[in-house]
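Protein chains in written order, with my numbering: chain A, 1 to 483; chain B, 1 to 483.
Please keep in mind that the hints were generated in silico from the structure rather than gathered at the bench.
Fair warning: this is a prediction, and the values are worked out from it, not measured in the lab.
Keep in mind that a hint or two might mislead.
When chains are identical, the list treats them as one kind, so a pair holds in a single copy or across two.
[Unchecked claim] DSSO-like mimics (lysine-lysine), calculated; alpha carbons at most 30 Å apart, straight line:
(1) Lys450 x Lys481
(2) Lys98 x Lys332
(3) Lys226 x Lys448
(4) Lys19 x Lys44
(5) Lys225 x Lys101
(6) Lys98 x Lys346
There are 2 protein chains.
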Amino acid sequence: MAEMIPHWLTKQALLAPQKIAIETETGESITFLQLEKQSKHFAKKLATLDIGEGSHVGILSANEIPMIIAIHALSYLGAVTVLLNTRLTEEELTYQIKDAKVSMIMTSQDYKSDVKKIGFHIPVKSFSMIRQLSEKQVKLRSEINLNANFSIIYTSGTTGLPKGVIHTYGNHWASAIGSALNLGLNANEKWLAMLPIFHVSGLSVFMKSVIYGMPVLLFNKFDAKKVNQAIIERGVTIVSVVTVMLQRMIEELGDSQYPETFRCMLLGGGPAPKTLLVEAKNNQIPVFQTYGMTETASQIVTLSPHEALRKIGSAGKPLFTAQLKINNPDVKGVGEIYVKGPMVTKGYFNNESATAALFDENWLVTGDLGYVDHEGFLYVMDRRSDLIISGGENIYPAEVEAVLVGMNHIKEVGVVGVDDAVWGKVPIAFVVKSSPSITAKEIMDYAKEKLATYKVPKQIYFVKQLPRNASNKLMRKELLKLM
Amino acid sequence: MAEMIPHWLTKQALLAPQKIAIETETGESITFLQLEKQSKHFAKKLATLDIGEGSHVGILSANEIPMIIAIHALSYLGAVTVLLNTRLTEEELTYQIKDAKVSMIMTSQDYKSDVKKIGFHIPVKSFSMIRQLSEKQVKLRSEINLNANFSIIYTSGTTGLPKGVIHTYGNHWASAIGSALNLGLNANEKWLAMLPIFHVSGLSVFMKSVIYGMPVLLFNKFDAKKVNQAIIERGVTIVSVVTVMLQRMIEELGDSQYPETFRCMLLGGGPAPKTLLVEAKNNQIPVFQTYGMTETASQIVTLSPHEALRKIGSAGKPLFTAQLKINNPDVKGVGEIYVKGPMVTKGYFNNESATAALFDENWLVTGDLGYVDHEGFLYVMDRRSDLIISGGENIYPAEVEAVLVGMNHIKEVGVVGVDDAVWGKVPIAFVVKSSPSITAKEIMDYAKEKLATYKVPKQIYFVKQLPRNASNKLMRKELLKLM
């Protein structure tokens with residue numbers, strides 16, 4: 001059934017025409033009325049290139065205002081945005097463009113040459129080239145069908161071929177509403193966006209912007225010092241971060257403090273080391289852990305403001321319209337995390353078998369392991385595929401990592417299982433030092449003190465950095481290549 | 001299509017178990033967890049009376065916590081609440097009970113005898129009688145289908161037979177979300193509810209309560225002094241009022257002031273005299289006019305906080321998911337107000353012809369006249385049925401009333417048209433004096449100064465009070481009986 005609401009950008013331009021929609025690090029800004037007008041003009045220019053209802057258009061862009069205009073323009077035409085990760089190799093890019101049946105690619109200036117290289121013959125246009133086109137008088141969407149497709153984003157899966165996650169308007173809508181019901185919505189809200197917009201964590205901030213009528217402070221890329229400065233000086237109330245960013249921000253912050261109006265550091269991108277969370281707490285930084293994935297249009301489980309300090313280490317409770325269960329829990333209550341709700345994707349584009357495997361009845365099978373405590377709080381343990389079974393015991397790499405990263409002179413740790421004739425699998429650790437003095441023996445001794453013997457890594461490898469994907473998630477399978 | 005979300009009360013009991021859901025004037029209170037548990041127990045007791053999926057159960061009750069428990073209990077059973085106005089006559093009550101196919105009536109202690117009188121043979125049970133029953137082990141709803149029926153409320157129509165407006169869960173959901181996006185949602189929110197819960201304006205506060213996780217301060221009835229005191233002393237941030245209440249509250253407040261944390265006086269129930277709005281502004285009272293009706297599950301157009309002072313007299317802009325148009329406007333832009341959105345009813349229960357007449361394509365035909373200014377703000381003029389056409393000129397009674405009520409020594413005014421051999425219709429006025437000294441001639445002279453000749457009432461009648469319906473709306477047709 002079509003569920004129609006007014007086009008969200010048109011609506012916000014009516015409700016708050018003069019309010020800032022986006023401001024950038026360098027001082028550019030655009031109001032909701034300007035954003036609407038420019039997006040509509042851009043749509044009419046795109047129409048001359050035969051982009052319309054159902055077209056799939058790739059966007060390969062830095063975090064910049066023209067990218068947001070392009071996304072809204074496609075929506076005014078009933079076309080679908082395919083967001084392309086700018087860190088992809090030519091081969092990966094070619095695969096996604098073909099798989100998503102993209103008929104044209106739009107780029108910001110920086111990435112035009114990247115696309116030219118790939119030797120895949122579809123039109124490639126920069127935003128500025130499109131702005132120079134004349135306009136075709138087409139009827140633009142005045143309403144949104146919440147069941148229609150809005151965007152496709154490929155999962156940065158660590159194994160297998162990437163899959164294009166479809167997000168309907170309703171998925172983004174449910175995500176924004178769920179977050180507002182959890183975090184509240186203040187009159188002065190301003191969200192700092194620095195995660196790549198080609199990830200759903202970055203994109204979702206701009207969906208919230210048009211739905212809430214909220215200004216976004218847009219950063220092209222992460223810089224701990226500049227981000228801290230912006231939080232302190234520019235009225236930021238909420239920022240989305242991943243663990244590595246939070247670490248650097250806390251280091252960079254030193255003895256300075258964020259102002260009281262800064263009320264939420266929304267932390268996603270996988271389980272965070274408890275030591276980091278405690279450090280944040282000691283610095284009075286309001287960190288709220290979240291759990292989510294591309295398939296859930298960003299967060300689906302989040303700690304709420306009044307629980308954040310009491311439940312350190314938990315990802316919180318499912319958002320208002322979401323539900324959570326642990327499938328087939330073991331004696332300790334640990335099992336695979338299943339979720340459902342209106343923010344959950346209807347599936348992967350053009351991939352029925354992967355879509356079928358994604359659901360168990362109406363529940364989304366996340367592939368992550370976790371448990372729920374007696375009060376209903378979720379604790380995420382690890383990717384199910386990363387679980388190490390050693391002599392019949394379950395070892396969660398994230399648990400071992402979280403312990404080791406709490407040791408002095410250690411910056412980052414990655415743990416993975418290797419084959420073992422006796423135990424089946426045993427854990428080994430890859431360590432990035434923060435000071436040269438530390439030795440493998442010291443680390444082993446520390447681990448033996450803190451962990452059951454079977455969880456203690458059998459080998460320590462020192463490395464310069466850990467393999468992370470474009471979402472900054474640790475790719476544990478890649479660790480094996482560093483042995 | 002079924003759109004499922006978790007049962008909202010169960011969900012809120014999980015998210016904020018220890019938070020106060022409702023507190024009363026006299027100091028009683030109940031947490032979300034207690035509200036959930038008591039509602040579930042009550043549901044299981046109701047199940048022994050054969051109440052279940054699709055049952056229609058009437059509730060005739062004062063504003064009290066057991067009424068809210070009963071409403072949630074019916075929802076856990078998949079039954080529909082039919083809210084009965086306690087001010088109805090026996091005849092009206094009998095009509096509504098039959099029309100809504102009510103199979104049982106629940107009452108608070110005060111109203112039991114009222115129902116006994118009506119001589120209509122269906123079971124009548126007080127809340128306390130039901131609490132004494134044993135429980136039947138039935139499966140309670142854990143999810144809500146947003147397209148299912150939640151409540152039926154009869155419109156207090158000034159003409160014709162009352163009609164039962166169906167509200168789905170989705171209507172109430174859309175209303176609560178639309179309001180949150182307009183007003184924002186602060187961590188300390190507390191809504192004072194004193195409008196009768198049998199009206200949608202009263203009921204909707206309790207829907208917001210479970211959806212937002214927000215405490216409600218519940219008053220059994222309006223008392224200007226007690227309400228002002230509660231706003232000043234009990235952390236109230238928002239209150240819903242109608243014009244007459246606002247007038248009395250301002251009078252009673254005198255030189256006192258509301259605290260800054262009190263951020264919204266949501267004013268509904270028809271166009272308000274501009275003099276009152278200006279008086280509120282001068283007293284720094286944050287009044288936001290709203291426009292809505294039972295058919296829109298309360299407000300559908302509302303002034304937003306940042307526009308309230310600049311746009312006095314306007315009802316604001318349609319809520320985020322709502323749309324508004326003026327049908328068939330005259331040269332001045334005035335025409336009938338049409339609205340649509342997910343908070344709009346799907347129709348009247350068991351009344352296809354009235355439902356068909358309610359819609360023009362997908363738009364709800366409100367029966368109200370108004371215009372939209374160049375910035376998109378709605379100004380509500382009058383009920384279309386109250387419009388006086390005099391010698392081809394349109395006279396809006398509300399406009400004439402608003403002018404006269406601005407005169408000293410006048411408390412309230414009602415204007416209505418009477419037949420006239422020359423002009424077709426002419427306006428006459430019914431005046432409630434606030435001081436005995438004022439004369440009809442003085443009023444006429446004042447009116448001639450302020451209004452075009454054809455708008456000046458041809459007769460002034462002094463009356464003790466104006467006829468108002470249970471929603472405090474002026475019933476202009478009834479004025480004629482006072483001649």
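Go through the copies and call it for Lys98 and Lys332: within, between, both or neither, with a Cα cutoff of 30 Å.
neither (45 Å within a copy, 56 Å between copies)
Cα distance capped at 30 Å. Does Lys98 pair with Lys346 within a copy, between copies, both, or neither?
within (21 Å within a copy, 44 Å between copies)
When no copy is named, should Lys450 and Lys481 be tagged within, between, both, or neither for a Cα gap of at most 30 Å?
within (28 Å within a copy, 87 Å between copies)
Given identical chains, is Lys19 near Lys44, meaning Cα to Cα at most 30 Å, within a copy, between copies, both, or neither?
Close inside one copy (24 Å), not across copies (51 Å); limit 30 Å.
Alpha-carbon proximity context of Lys225 and Lys101, limit 30 Å
Intra 40 Å, inter 67 Å, cutoff 30 Å: neither.
First find the shortest C-alpha distance between Lys226 and Lys448 inside one copy, then the shortest across copies, and answer within, between, both or neither for a cut-off of 30 Å.
Close neither inside one copy (40 Å) nor across copies (66 Å); limit 30 Å.
Taken one by one, the earlier hints fail for this structure at numbers 2, 3, 5, listed in ascending order.
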